[in-house]
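*Asks:* Knowing the structure of chain A, use the given hints to seat chain B on it.
In order, the protein sequences belong to chains A and B. Numbering-wise (our numbering), the first sequence opens with residue 1 and increments by one. Numbering-wise (our numbering), the second sequence opens with residue 1 and increments by one.
Calculated directly from the structure, the hints in this document are not laboratory data. The beta-carbon is built from N, C-alpha and C at its ideal position, and this holds for glycine as well. Heads up, a few of these hints could be off.
[What the hints assert, rightly or not] Computed, partial: chain A to chain B, Cβ under 7 angstroms:
#1 Phe86
#2 Ile124
#3 Val133
#4 Thr137
#5 Asp148
#6 Leu149
#7 Leu167
#8 Gly168
#9 Leu172
#10 Leu173
There are 2 protein chains.
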Amino acid sequence: MSAVSAVKALVFDVFGTVVDWRSNLIADFTKWGGQRGINADWTALVDGWRAVYAASMDEVRKHPERGYVILDRLHRQSLENLVAQFSIKGLNEADLHYLTTGWHRLNPWPDSVPGLRRLKTKYIIGPLSNGNVALLTNMAKHAGLPWDLILSAELFEHYKPDPETYLGAARLLCLQPEQVMMVAAHNHDLKAAQKLGLKTAFVARPTEYGPLQKYDFEATGDWDIVAKDFNGIADKMGC
Amino acid sequence: MSAVSAVKALVFDVFGTVVDWRSNLIADFTKWGGQRGINADWTALVDGWRAVYAASMDEVRKHPERGYVILDRLHRQSLENLVAQFSIKGLNEADLHYLTTGWHRLNPWPDSVPGLRRLKTKYIIGPLSNGNVALLTNMAKHAGLPWDLILSAELFEHYKPDPETYLGAARLLCLQPEQVMMVAAHNHDLKAAQKLGLKTAFVARPTEYGPLQKYDFEATGDWDIVAKDFNGIADKMGC
Numbered sequence: 001m002s003a004v005s006a007v008k009a010l011v012f013d014v015f016g017t018v019v020d021w022r023s024n025l026i027a028d029f030t031k032w033g034g035q036r037g038i039n040a041d042w043t044a045l046v047d048g049w050r051a052v053y054a055a056s057m058d059e060v061r062k063h064p065e066r067g068y069v070i071l072d073r074l075h076r077q078s079l080e081n082l083v084a085q086f087s088i089k090g091l092n093e094a095d096l097h098y099l100t101t102g103w104h105r106l107n108p109w110p111d112s113v114p115g116l117r118r119l120k121t122k123y124i125i126g127p128l129s130n131g132n133v134a135l136l137t138n139m140a141k142h143a144g145l146p147w148d149l150i151l152s153a154e155l156f157e158h159y160k161p162d163p164e165t166y167l168g169a170a171r172l173l174c175l176q177p178e179q180v181m182m183v184a185a186h187n188h189d190l191k192a193a194q195k196l197g198l199k200t201a202f203v204a205r206p207t208e209y210g211p212l213q214k215y216d217f218e219a220t221g222d223w224d225i226v227a228k229d230f231n232g233i234a235d236k237m238g239c
Numbered sequence: 001m002s003a004v005s006a007v008k009a010l011v012f013d014v015f016g017t018v019v020d021w022r023s024n025l026i027a028d029f030t031k032w033g034g035q036r037g038i039n040a041d042w043t044a045l046v047d048g049w050r051a052v053y054a055a056s057m058d059e060v061r062k063h064p065e066r067g068y069v070i071l072d073r074l075h076r077q078s079l080e081n082l083v084a085q086f087s088i089k090g091l092n093e094a095d096l097h098y099l100t101t102g103w104h105r106l107n108p109w110p111d112s113v114p115g116l117r118r119l120k121t122k123y124i125i126g127p128l129s130n131g132n133v134a135l136l137t138n139m140a141k142h143a144g145l146p147w148d149l150i151l152s153a154e155l156f157e158h159y160k161p162d163p164e165t166y167l168g169a170a171r172l173l174c175l176q177p178e179q180v181m182m183v184a185a186h187n188h189d190l191k192a193a194q195k196l197g198l199k200t201a202f203v204a205r206p207t208e209y210g211p212l213q214k215y216d217f218e219a220t221g222d223w224d225i226v227a228k229d230f231n232g233i234a235d236k237m238g239c
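Bound conformation, chain A alone (with noise of 0.2 angstroms):
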């Protein structure tokens, strides 16, 4: 029996382990720009949104009294200020949301859903994400993600990497943490997962961060499982 045969249930990494967000984001905003006649640096507007990400949920963690918020406020936080920033002009309120709103509308690289879809013919499956869970619930049904359930920081009122995401996730399934199996794309998630005794998986995505990506090349810890994309881990896991 290998180490990981007591796994039941196998969460998931999303944005750049499942979706593709960058490539998507910038297709539909150079699409959408170019119909609504705002013009702008798109690429430049999704990198810089995605560069601020940890450090408005760091906002959160630094600030419990003010309480907890969900991540489609703090995209729409960071995107006011950027757009301040880089002075685009003409954008009402409908289009701040259609923005925003991007990032429920991302879709997943090819491998994804038809590994998914073996995963979950033996394991429970689910995203644990820092999107909240109408940003999930809409993006599964966007592209097709068949999960058996959508676990989600904001059902913990705390980010990843908090302990609170993975042990939480754990709790509500009724598994152990070593009956759990974290897969990302990003090593630093998986170290989280592992220092609680969570199982872990990893796939490389290269093409994240597109010409600006520096990590998560190759797995860097010493993970159950590293695969070439998630039908690699379904060979693995016995699917």
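*Replies:* Same frame as chain A, now just chain B:
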């Protein structure tokens, strides 16, 4: 435009509305008891178990200082009381676990899965049940219920019909109450939902309680939809 044209999500009561708990549990336990050599009046046990369900949730409501207790645990506590009361002999820990997780192995009414599949093409669908997340997730895999997400009383640490459950579901979906439709075979559940602004749909499940059924043979409120079954709801919701 009808009153339900703003609906984006349908949330479902589960025990009795989606699955036929009574017939399934009696059949499961009768077969299992025969194989295991445990002699008991399984019909009386199942009816007795459900009879103490509301009271067990009331205890949680009355004692917030004890913290929220998930339904699996309430089921287990009630079962232990009933085993003693009915003098059922020979049950070990694994047996009590098997019986308690009977509530995870329930099968749907014949129209449930076909109706849910139709509704899923146009709406977000999820349970909104007093069952805990793991129970509902396991049941969905067992019964093939094609939920988009699992919404459970556990996420709100309140049992229905507490307002926190209905309003919590709308909040997690980032929807207004009137954009969410509660579907149930129980008038009291719909009454609580309607009072908070949710839309409502009733289906009668007149055999839910077998010969013990006293209520809910028909709609007794002014519900937005009254249908014969889930296919009838799909018809009326334009799916």
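*Asks:* If a hint holds in the structure, say so; if it doesn't, say that too.
*Replies:* Tested hints:
1. Phe86: violated, 27 angstroms
2. Ile124: holds, 6 angstroms
3. Val133: Nearest chain B Cβ about 4 angstroms off; hint holds.
4. Thr137: This hint holds: A/Thr137 lies near chain B, its Cβ roughly 5 angstroms from the closest one there, short of 7 angstroms.
5. Asp148: The hint holds - A/Asp148 has a Cβ within 7 angstroms of chain B, the shortest such distance being about 6 angstroms.
6. Leu149: Hint on A/Leu149: holds, closest Cβ of chain B at ~4 angstroms, below 7 angstroms.
7. Leu167: Since the shortest Cβ distance to chain B is 14 angstroms, the answer is violated.
8. Gly168: This hint is violated: A/Gly168 lies away from chain B, its Cβ roughly 10 angstroms from the closest one there, beyond 7 angstroms.
9. Leu172: holds, 4 angstroms
10. Leu173: holds, 5 angstroms
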